[in-house]
Every structure is written in C-alpha cells, then in structure tokens.
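**Q** One line per chain: the protein sequences are A and B, in this order. Number 3 in the numbering used here belongs to position 3 of the first sequence; there are no gaps in the numbering. For the numbering used here, add 253 to where a residue sits in the second sequence, where the first one is 1.
It should be emphasised that the hints constitute simulated quantities derived from the structure, not laboratory data.
Pairs of lysine to any residue residues, derived as SDA-like cross-links and limited to a Cα-Cα distance of at most 25 angstroms, are as follows:
#1 A:Lys176 - B:Arg457
#2 A:Lys198 - A:Arg128
#3 A:Lys98 - B:Asp347
#4 A:Lys211 - A:Cys248
#5 A:Lys176 - B:Met453
#6 A:Lys211 - B:Ser258
#7 A:Lys17 - B:Tyr346
#8 A:Lys176 - A:Ile166
Computed footprint of chain A on chain B, listed as stretches where at least three residues anywhere in the stretch have a Cβ under 8 angstroms from a Cβ of chain A:
#9 262-276
#10 326-338
#11 341-355
#12 359-367
#13 445-455
So these bits of chain B aren't anywhere near chain A, every CB distance computed over 10 angstroms:
#14 Leu285
#15 Thr309
#16 Glu317
#17 Pro318
#18 Leu320
#19 Leu322
#20 Leu373
#21 Phe381
#22 Ser387
#23 Pro390
#24 Leu392
#25 Thr411
#26 Met479
#27 Phe481
By construction, the Cβ of each residue, glycine as well, lies at the ideal position given by its N, Cα and C atoms.
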Amino acid sequence: MADKILKQIKVKVWRQKGPKTKGKFETYIVNDISTGTSFLEMMDILNDNLIREGKEPIAFDHDCREGICGVCSLYVNGRPHGPDDDVTTCQLHMRKFKDGETITIEPYRSKAFPIIKDLIVERNAFDRILQAGGYISINTGGVPDGNAIPVSYDDAEAAMDAASCIGCGACVAACKNASAMLFVSAKVSHLARLPQGKVEAARRAKSMVAKMDELGFGNCTNTGACEAECPKGISISNIAKLNREYLCAKIKD
Amino acid sequence: MFMSSFMKSSIGRKVLVSLSGLFLMVFLLVHLAVNLTLIFDDTGDLFNQAAHFMATNPAIKIMEPALALGFVIHILYTIIVTVSNYMARPARYDKRNSKETGGWPSRNMFFLGSTILVFLVIHVWNFFWKMRVSGDPLLDHIMIDGEQMENSYNLVATLFKTSYIYSSIYILGVISLGLHLSHGFWSAFHTIGLNNDVWMPRLRNIAVVYAAIIAGGFIAIPVYFMIFF
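Let the hints inform the model, and build the full structure from the sequences given.
**A** Quick look at the structure:
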C-alpha cells in the first residue's frame with residue numbers, strides 16, 4: 001500500500017548564524033511529503049529546496065540514521081527527538097504528523113550545550129564528563145572466555161540496559177532543569193555493576209559528578225522527563241544508583 | 254573538607270533537601286496525631302492536654318529549634334537548587350510538550366512549596382505565635398486534672414467555627430501540602446539512593462498513601478468544625 005502524501009506542511013525552524021549571533025524562527029513551506037519519509041529526509045528535501053532558491057540550508061546534526069550513534073538531536077514539537085516514544089530523530093517518520101501542520105523545530109537548549117549554528121549544539125560536555133572517569137583504567141586485554149569472571153544475570157542485564165545510552169543529550173533537553181543526571185547515572189551504574197568497573201566505582205562517581213556540576217548542568221528533581229524522552233528507555237532507577245554510589249564514596253572520604 | 258565540598262555538589266545539596274524533607278514528614282505525622290484529638294473530644298480536654306504536653310515536655314522543647322532548622326535548611330537549599338536549575342537553561346523553549354513520569358506535582362514542587370510557605374506563615378501567626386509569644390484573650394487558663402494550662406482548644410476551635418475564610422485557606426494550604434508530599438516522599442528516598450526498579454512503584458504508591466493520610470487528616474479538622482458547629 002502506498003504511503004499517504006502530506007500535501008503541505010509548515011516547518012518553523014530556529015535559524016542562528018553562529019554561537020554569538022541572535023537567532024530567530026523562520027517558517028518554510030514543504031509540499032508533497034510522503035508519510036513514509038523519515039523526518040531527517042524531510043529536512044534534506046527542505047534543504048534541497050532552500051539551496052535551489054539560493055538560500056542557506058538549515059544546519060542540523062545527523063550521522064548513522066539508524067538510531068545507534070546519538071548524533072541527531074532536534075527538539076521537535078516540544079519534545080527531544082520528536083513526537084514518538086523510544087526513538088531518535090532519524091527513526092522518526094512523517095506519519096507522526098498531519099497534513100497542514102506547523103512543525104516547530106528547535107535546538108536543544110541548555111547552558112552546557114551552546115548553539116553552534118541553527119539546530120546544531122555543542123555536546124562535548126558529555127565527552128568531558130566521560131573523560132573525567134567514565135572508563136576503566138586497566139588494560140582488559142582481548143575478549144575473555146565466557147563466564148571466566150562470574151557476573152550475575154541481573155547485574156549483566158542492568159549493566160547492559162544502562163550501557164545502551166548513546167549519549168544523545170535528550171535527557172538534558174527534556175529536563176526542566178537541564179540536568180545531565182540520567183546520562184551520568186547510566187555510565188556510572190553500567191560500570192559499577194560489573195567486576196572490572198567496580199574497582200574504580202567510588203572515584204568515578206565523584207569525578208563525573210564534579211565535572212557535571214562544573215559544566216553548568218542543572219540539578220535533578222526527579223520529574224522523570226528524561227526517562228520518558230530517552231530514545232533507549234533508560235530508567236531513572238540508575239539515578240538512585242548514582243546517588244547511592246556518590247554518597248557512599250563521599251562518606252568514605 | 255568533606256562537608257564543604259559535599260554541600261557544594263549538586264547531589265549533596267539535594268541530599269540536604271531530602272533529609273530535611275524526611276524530618277519534616279515525621280514532624281507532620283506527630284502534628285497530625287496531636288491535632289486529631291480536636292475532633293475526638295468536643296470538651297477540648299484531650300487537645301488541651303496534648304498541647305500542654307507539646308509545650309512543656311523537655312524532649313519536645315529540644316526538638317523545637319531542630320524543627321525550625323529543618324524548615325530553614327529545606328527552604329534555603331531548595332532556593333539554591335532552583336536558582337541554579339534556572340540558570341542551567343538561559344534560553345527557554347518556544348514550545349514544550351514533554352511527558353514526565355513524575356506527573357504534575359514533580360514539575361511544580363517549588364510553586365507548591367512556596368504556597369505552603371505562605372500558608373505556614375499565616376498558620377504560625379494564628380496559632381503558634383499566640384500560644385507561645387503574644388497570647389490571646391481566647392487562651393484563658395483552665396484546670397484539667399489539677400493542672401493549670403492554656404485553653405488552646407478554645408483558640409483553635411473558635412477560629413475554625415467562626416471563619417469560613419480561614420478554614421478555606423487552611424484547606425487550600427493542606428491540599429498544596431498533599432500534592433507536594435505525593436512527589437516529595439518517594440523523591441526523598443530516591444535522592445538519598447534508596448530506590449531501584451523494584452522499589453520505585455512501591456515508594457510511589459506509599460507516597461500517595463502518606464500524602465492522602467496527611468492531607469485527608471488535616472482537612473478533616475476544619476470540615477468537622479464547619480459541619481458540626
């Protein structure tokens with residue numbers, strides 16, 4: 001069955017020339033978009049139109065387009081990654097929109113994620129948090145034999161769930177406090193649950209939280225907006241785990 | 254060294270808000286237990302004895318400044334956290350449609366808390382201040398079981414019986430408190446790290462039950478006086 005065609009949609013986009021310049025919304029009209037089109041393909045079509053008209057195309061982040069790299073961002077119609085659950089923007093399709101609808105596209109807004117251009121924000125604050133302790137210091141060598149180090153099924157599952165974080169920043173974008181706690185907690189709880197990561201758990205929790213605070217992210221108030229918008233469905237239970245790890249580490253000091 | 258770096262960290266500040274919040278939640282249970290004596294004895298003797306005990310018992314006297322400190326820490330650190338949260342997003346979104354798993358109260362804790370603070374000032378002015386500091390003509394001295402004490406029941410019951418406006422303010426304040434607690438209760442445990450996937454639904458349910466007991470209990474008092482007097 002052929003996909004339905006959206007005859008006309010209005011796209012209201014945030015345009016900003018550079019980090020220091022003042023931005024504003026501009027509205028563009030896009031005609032004849034198939035509902036089977038992905039959201040980013042619609043953006044490509046819009047950009048193609050803009051280039052043909054001699055206008056500056058809209059700058060936006062994208063890479064793998066299969067929901068695993070975490071590069072695509074966009075705050076579409078009031079939600080990070082748009083109006084669908086458990087997806088990244090590249091996995092969002094135009095069937096989620098209605099004919100004639102005005103689609104509002106904004107960049108992620110947070111002090112720690114400054115805008116570079118249009119819809120592209122600088123997210124290397126996450127890299128800096130990871131560099132502060134989101135790793136295992138020892139060389140773990142090649143792939144070990146299965147079950148050489150016993151890991152309980154529950155821990156393995158919970159660690160894997162946390163490890164599914166792709167660092168896209170939707171948690172920060174969705175949080176009313178622009179807090180990075182879901183991201184940091186996913187990394188801390190992923191590593192703290194496994195024998196290789198447990199050794200440095202205390203140091204890791206302290207340094208990652210210190211870096212997160214330093215970079216100007218807000219404080220978590222447990223609203224759960226992050227877990228509702230996380231494309232990987234990471235639970236805020238990880239935040240409780242991070243709080244526990246951090247408190248235990250601080251008390252031992 | 255530990256305390257200073259801890260209290261400057263985001264988690265440290267929130268732990269202080271949580272611990273002071275948990276302390277205030279215990280206080281609310283005691284407060285409710287004492288106040289419910291208002292509706293179980295219309296002569297007022299039971300409430301007067303309870304109020305007299307709360308005013309004179311040495312253990313309670315020690316806890317009074319601790320309670321005041323609990324309020325100060327809870328409010329002060331909430332303001333610090335809220336200001337820093339506001340600064341973390343200098344530019345607002347044009348359109349916002351995110352869903353929260355925590356529901357409406359979780360987004361509006363500061364608003365609800367501010368409402369409770371306004372109510373608290375009125376509340377302290379009406380009762381605590383008159384009983385302990387300024388005095389009031391309604392607080393005539395009475396004798397119960399050979400002991401002289403202030404007629405606190407007279408002050409409280411008269412206000413609820415005569416002023417529908419005050420009773421309404423009281424009920425609105427308590428509703429704000431109930432909503433605040435429905436998030437605050439489980440959130441406090443979450444922040445001090447006592448939560449996981451198994452306990453999340455349990456704590457959220459206990460939070461609703463606790464908030465309903467506190468809100469329902471306190472609302473019952475003005476409603477009782479409005480209906481029966």
